[in-house]
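J.: Chain by chain, the residues run as shown.
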Amino acid sequence: MPREYSQFRAMFAIARASFRSITRSPSAVVFTLVFPLIFILVFGFLGGSSIKLNIALSTNSDIKNPIYCGMIFNPTISLQQALSDEEQQKLLLKGNLDAIINIRKVVLDSAWTYKVDLITTLSSKEKGVIAKSILEHLIDKANLKAAHIDQPMAELVPLVVKGREYKTIDFILPGQLGFSLLSTGVFGTAFVFFNLRQTLVIKRFFATPIKKPFIVLGEAMSRLVFALLGAAFIIGIGHFAFGFTLIHGLATFFSMLGLSALGLIVFMGFGFVVSGIAKSESTIPPLANIITLPQFLLSGTFFGIENFPSWLQPICKILPLTYLNEAMRKIAFEGAGFSEIAFPVGVILLWGIIVYAAAVRLFRWE
Amino acid sequence: MTKNAIISVKDLKKNYGEFQAVKGISFDVYEGEIFGLLGPNGAGKTTTLEIIETLREKSSGSVTLAGMDISKNGNAIKQMIGVQLQAAGYYPSLTLVELIKLFSGLYDIETDAMKMLRSVGLEDKAKAKYKELSGGQKQRFSIATTLINKPTIIFLDEPTTGLDPQARRNLWDLIRTIRDNGATVVITTHYMDEAEQLCDRVAVMEAGEIIALDTPDAMIDKLIASGFERKKEVKKANLEDVFLSLTGQEWRDE
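So the sequence lines, in the order shown, correspond to chains A and B.
So for the first sequence, our numbering puts the first residue at 1; every next one is plus one.
So for the second sequence, our numbering puts the first residue at 367; every next one is plus one.
Don't read these hints as lab results, they were simulated from the structure.
It is possible that part of the hints are untrue.
Result set (DSS-like, lysine-lysine): computed pairs, CA atoms no more than 27 Å apart in a straight line [unchecked claim]:
{"id": "1", "chain 1": "B", "residue 1": "Lys-389", "chain 2": "A", "residue 2": "Lys-203"}
{"id": "2", "chain 1": "A", "residue 1": "Lys-212", "chain 2": "B", "residue 2": "Lys-516"}
{"id": "3", "chain 1": "B", "residue 1": "Lys-504", "chain 2": "A", "residue 2": "Lys-211"}
{"id": "4", "chain 1": "B", "residue 1": "Lys-481", "chain 2": "B", "residue 2": "Lys-504"}
{"id": "5", "chain 1": "A", "residue 1": "Lys-211", "chain 2": "B", "residue 2": "Lys-379"}
{"id": "6", "chain 1": "A", "residue 1": "Lys-203", "chain 2": "B", "residue 2": "Lys-438"}
{"id": "7", "chain 1": "A", "residue 1": "Lys-115", "chain 2": "A", "residue 2": "Lys-132"}
{"id": "8", "chain 1": "B", "residue 1": "Lys-497", "chain 2": "A", "residue 2": "Lys-212"}
Note that the structure is predicted; figures quoted are calculated from it, not measured.
Kindly generate the complete structure, drawing on both the sequences and the hints.
T.: And the structure:
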């Protein structure tokens, strides 16, 4: 007695086959895993370093004075002493040096004083300012000591509150994860459905009893599983190798995966649209890039969107990846609950409705 | 032996806009025969076949398979037929065993993948990927996928186009075996020798119409009776026979 035909078992057969196919496709693996990991590695090692000032000491500078000693022991200052005056000038103009210092001993009648010349450059404006304030501090200290004042009138009492340290990785990883989902969703889906149609794989499926929506669901499911495994891998590497903050541990991890799934489903909608309007295989990359590239640049993947000029802000605030990144960072670092990310999630859902409405109209089977 | 019509096509028409690809054809295919649809390219063979396979909508007329109307029982029909398309593709990076498993899943039945591959002489290619197969092997594999659901009717659309003489003969043997195992086979071709050797009955299509339908023998006899004579006396062998006797007929990995 033959059992009743099950669309779901047929769908799982497609999902399994498609999953195998994806794992054997170099481009899928590169886009989903390798690219984001490279960026995370680069920024992971780049980030975390504190400010360093490159300061050169003029060759005829006096060195038997407390200001010079103070500079040597200051952890922020990296003192360059092997450069000729000419080299110092060149490097300063290029911004490779942040300041040149010359300490002169000036004799006035019976007494003497130190004049500290500080040359900074517009090529390194901020660091010049920092150099100035460090030197002022060193000079003040020396003056107090020379005046034998043990009890200064005012004193700074710094206190650093030990908050949660917001590391570069905490910013970079959610952005990379979002971008990985975007490219997997758009490129992967667009190519797969275009190729399935072009190579008549999908037509061969039509000759079997599986219904059309289940073909799409099966393909989508394999892509979802693949992308979520990729996301888990990226979060895992970030957490264990670079100290990415998962504020509530596993719960945060799974919230991120849930959000990834939502993002991917919406992005796959773009992929369906692209596969529907692409006339040939070579028109897929430009179409897909039109969707992914602006989001890659303007959605706060590498730096916060508040850094963009105000005329660009409205565009940033339309893109779905902006909201995915925002929600992802809130979940991971702030431990935000669902109510706090309801707005970004709502925007993503709205995009989902728009995109799938278009996809249903544009998608072609043959 | 009573002839039982398993496929019944009545006044089938298919229009693409103004163009009439199929112009009201009618024919029956009997259970257990190899039925050939012949005709030059563009005669409407593939369109007719794809309508019967439920892959294409008809414009008018009726088609029934084993008593079931194609426009009402699409899914039930798909479960009892096997379809080989003229140029079907498969996931290129999957192995043959994985693809057989995929199609078993699509038909929602259990299959012994190796046994399936053995039946088309591809068991030593089980771990090979579809894209690595030769033309003849691809066709044999394609036929294997049509046999997975143990279909009552099998449709083969130009299965031997582009194959060398050995591969064609191997495929004919395979198709006869399938028929001998009880299935009905509908095949399209534009090779007349193929139709003559393989088919029990043939329908000749031309510009969307069936212009002749009979057994190959009867058609030839009818032509001779009308006074037709070949311009040149036929020898007892032809060049293809020479080629095959020189190079052997065994299955080979092209």
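J.: For every hint, state whether the structure bears it out.
T.: Results for each hint:
1. For the given pair, Lys-389 (chain B) sits about 25 Å from Lys-203 (chain A) by alpha-carbon distance, which is consistent with the 27 Å threshold.
2. With a CA separation close to 23 Å, the supplied pair Lys-212 (chain A) and Lys-516 (chain B) stays within the 27 Å bound.
3. Among the hinted pairs, Lys-504 (chain B) with Lys-211 (chain A) is consistent with the structure: their alpha-carbon atoms are about 26 Å apart, no more than 27 Å.
4. Distance restraint check for Lys-481 (chain B) and Lys-504 (chain B): the Cα-Cα separation of roughly 17 Å lies within the 27 Å cut-off, and the hinted pair is therefore satisfied.
5. Annotation: proposed proximity of Lys-211 (chain A) to Lys-379 (chain B) holds, straight-line Cα distance about 25 Å (limit 27 Å).
6. Distance check on the hinted pair: Lys-203 (chain A) and Lys-438 (chain B) sit about 20 Å apart at the alpha-carbon level, within 27 Å; holds.
7. Under the criterion of a C-alpha separation no larger than 27 Å, the hint pairing Lys-115 (chain A) with Lys-132 (chain A) is consistent with the structure, at around 14 Å.
8. Proposed proximity of Lys-497 (chain B) and Lys-212 (chain A) is supported: the alpha carbons are some 25 Å apart, at most 27 Å.
Consistency note: the structure conflicts with none of the earlier hints.
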